[in-house]
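Residue numbers (the working numbering), protein chains in the order written: chain E, 1 to 418; chain X, 1 to 279.
None of the hints are false.
Lysine-lysine pairs mimicking BS3-like chemistry, simulated, CA-CA at most 27 Å apart:
(1) X:113 - E:86
(2) E:227 - X:113
(3) E:252 - E:227
(4) E:196 - X:113
(5) X:113 - E:137
(6) E:55 - X:113
(7) E:55 - X:270
(8) X:41 - E:157
(9) E:233 - X:113
These are computed hints drawn from the structure, not numbers from a lab.
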Amino acid sequence: MSVISVENISKQYIIDHQKGKGGTTLRDVITENLKSLVGKKTKTSITHEEFWALKDVNFSIEQGDRVGIVGHNGAGKSTMLKILSKIIQPTTGTVRIRGRVASLLEVGTGFHPELTGRENIYLNGSLLGMSRTEIRKQFDAIVAFAGVEKFLDTPVKRYSSGMYVRLGFAISAHLDPEIMIVDEVLAVGDAEFQKKSLGKMRDNSASGRTIIFVSHNLTAVQALCNKTLYFEKGRLIEQGETNQVIASYISKVSKTRLLRQWDTPEEAPGNDLVRIRRIELVPEYPDNLTHIDVRTPMTLQFEFWNQMDNANLNLSMHLNSLTGECIFNVGTQSQPYGKGLIAAECTIPGYFLNDGSYTISMMVVKDTVTPLYVMEEAITFDVEDYREGIAWYGKWPGYVRPQFPFHIKMLEPVASEQ
Amino acid sequence: MQTHEVIIQPGRSERHYWADLWRNRELMYILSMRDVSVRYKQTALGTAWGLIRPLTTMLIMVFVFSKIAKLPPDPGVPYPLMVLGGITVWTFFSTAFTQISNSVTLNSNLVTKVYFPRLIMPISAVAVSFVDFLVSLGLFILLAIWYQFIPDWHLLLLPAFIVLALLASFAFGLFFAAVNVRFRDIGQLIPFVVQVGFYVCPIAYSSRLVADKADEWWAPFYWLNPMVGIIDGFRWALLGERAYFNPKSLLISVSIVLVCLALSLYFFRKRENTFVDDI
Numbered sequence: 001m002s003v004i005s006v007e008n009i010s011k012q013y014i015i016d017h018q019k020g021k022g023g024t025t026l027r028d029v030i031t032e033n034l035k036s037l038v039g040k041k042t043k044t045s046i047t048h049e050e051f052w053a054l055k056d057v058n059f060s061i062e063q064g065d066r067v068g069i070v071g072h073n074g075a076g077k078s079t080m081l082k083i084l085s086k087i088i089q090p091t092t093g094t095v096r097i098r099g100r101v102a103s104l105l106e107v108g109t110g111f112h113p114e115l116t117g118r119e120n121i122y123l124n125g126s127l128l129g130m131s132r133t134e135i136r137k138q139f140d141a142i143v144a145f146a147g148v149e150k151f152l153d154t155p156v157k158r159y160s161s162g163m164y165v166r167l168g169f170a171i172s173a174h175l176d177p178e179i180m181i182v183d184e185v186l187a188v189g190d191a192e193f194q195k196k197s198l199g200k201m202r203d204n205s206a207s208g209r210t211i212i213f214v215s216h217n218l219t220a221v222q223a224l225c226n227k228t229l230y231f232e233k234g235r236l237i238e239q240g241e242t243n244q245v246i247a248s249y250i251s252k253v254s255k256t257r258l259l260r261q262w263d264t265p266e267e268a269p270g271n272d273l274v275r276i277r278r279i280e281l282v283p284e285y286p287d288n289l290t291h292i293d294v295r296t297p298m299t300l301q302f303e304f305w306n307q308m309d310n311a312n313l314n315l316s317m318h319l320n321s322l323t324g325e326c327i328f329n330v331g332t333q334s335q336p337y338g339k340g341l342i343a344a345e346c347t348i349p350g351y352f353l354n355d356g357s358y359t360i361s362m363m364v365v366k367d368t369v370t371p372l373y374v375m376e377e378a379i380t381f382d383v384e385d386y387r388e389g390i391a392w393y394g395k396w397p398g399y400v401r402p403q404f405p406f407h408i409k410m411l412e413p414v415a416s417e418q
Numbered sequence: 001m002q003t004h005e006v007i008i009q010p011g012r013s014e015r016h017y018w019a020d021l022w023r024n025r026e027l028m029y030i031l032s033m034r035d036v037s038v039r040y041k042q043t044a045l046g047t048a049w050g051l052i053r054p055l056t057t058m059l060i061m062v063f064v065f066s067k068i069a070k071l072p073p074d075p076g077v078p079y080p081l082m083v084l085g086g087i088t089v090w091t092f093f094s095t096a097f098t099q100i101s102n103s104v105t106l107n108s109n110l111v112t113k114v115y116f117p118r119l120i121m122p123i124s125a126v127a128v129s130f131v132d133f134l135v136s137l138g139l140f141i142l143l144a145i146w147y148q149f150i151p152d153w154h155l156l157l158l159p160a161f162i163v164l165a166l167l168a169s170f171a172f173g174l175f176f177a178a179v180n181v182r183f184r185d186i187g188q189l190i191p192f193v194v195q196v197g198f199y200v201c202p203i204a205y206s207s208r209l210v211a212d213k214a215d216e217w218w219a220p221f222y223w224l225n226p227m228v229g230i231i232d233g234f235r236w237a238l239l240g241e242r243a244y245f246n247p248k249s250l251l252i253s254v255s256i257v258l259v260c261l262a263l264s265l266y267f268f269r270k271r272e273n274t275f276v277d278d279i
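Assemble the whole structure, with the sequences as input and the hints as a guide.
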């Protein structure tokens, strides 16, 4: 049974462009109307621009689905959530919702800094649609989940930002709706708390609840959602199984450039000494995978024309982060080569690079000291995150994520008391 | 839990709006308590402020209008008592009106993040002014005891005038609250309206003075002010027949208030769905 059906939803905004002023004041409107009454239209009049935040969106969500919504900033994700939450009205279309909805667009909605933690629990809880009896029943659980027992009667303006967020999430985690709409709440809080809240959301979904979840964190969407909607510029451009949609999202988003090649030396980059023929990064995808993640081994293939007789040449490959820091540099042995086409190959193993964006530069060196030609940022690629059996979705630190042997064992077991 | 289907469409207001409003009465209560409780947090004198304000206003007016300008009170009524009665109901109306007008913009953080019937904001906004009103009324009772002034059966009509003042604040406030979302000019306008109202309404003086000047050209306009009937009536309920009361002006007040309330409510309901786009 579909619990949410969305038909032809569009949302239009009219943006007023006005020279040198922000906001509308009554005076502007009155003078504008007076001018048009007299029949004079001034050149500085307000110009209107139509903007479609959403355009012809259709989808339906089944009972118990956990649906992720992905897309860039401004793709219309939040507008969609706000329409589903009845906060904004669509310009066209119809939404049908069966069941009690709780939307969580912000952590700690309506928290008043002057009020105590206790007062804010009641305030926020009732804003999210809980009755006072429900809040009273869940009160202790909320306080324990947030870990703020000692600060219940302190105004929340004295809370640390961590406590504030924990309290806010704890309240929403104890809602009991049939449909839950969640926007980016996992983006807040420390790693420990993220783990706890994602776990709580997964428990919720296990009980057959329908969840709609917007996040920039693809790993979290992958972990939580079975279906995914991909929005771009206000349109729903793809929907379906999470893995499939995310893969196509990644392939559309990344600036990946894995291959560059030139057919003849004349048009190839280089100089009189060397010319580049081809540089390609070839990932070895495991089954069903169409993008590079931290598991993927990759081979860099490089071919160039040497136009010198008997030169001592070696290659030097730089792998850089997107910010330009060199993560490593590997080189070949220096060897004498005559004129001709030379090919080289270097393999970057899987389980080595961390997730992130990288570039590869290639340098041809003579006599181990003289760079003949440097091909800067010849290859650009993204490594996506992948985790298994880990309930933590924070950013994994570091440029590399090697799996060095790391042994752990129990040295002296102590018999349990029970 | 019964599952009901919600349909979201452009221009469609919640079919069960009033039922929804009733379902959210706890939220209304909690938002009211928030305003009341926040009001005197971190103030040294706390709720005493609710007493200080009407008291000082009364003393100043007694000094200016009674001692200097020598305005006569209604015969048999002590001037301070007459003024305090007027101040009490006027302050109730004007703060409720101001708070209703600002209620939506002050709660903009809620409007953009959660759905609830938007009327909850203006309704819960009057709580603070009602608490102040009760304090001021208490002050009136103390002053009445001081003057050994005993009210009569008219007092039974007091709740009707309180309700009328409240309805008046909604009749004008709801309209301004909805306009305020788009035009913040309203924020500037309201204190001005309240200040003007203080002088054109019979607070420092009795309507009897105007009734005596019935042949002046401006006299008919005076009675068109809906607050005149309400303030006179409120004072009449507290002070009895000695206070001036004109049933005709009350009739004018009631009709203006009811018509404005209906229009305001209609306007507010019409606009509330687009608050979030304009706020």
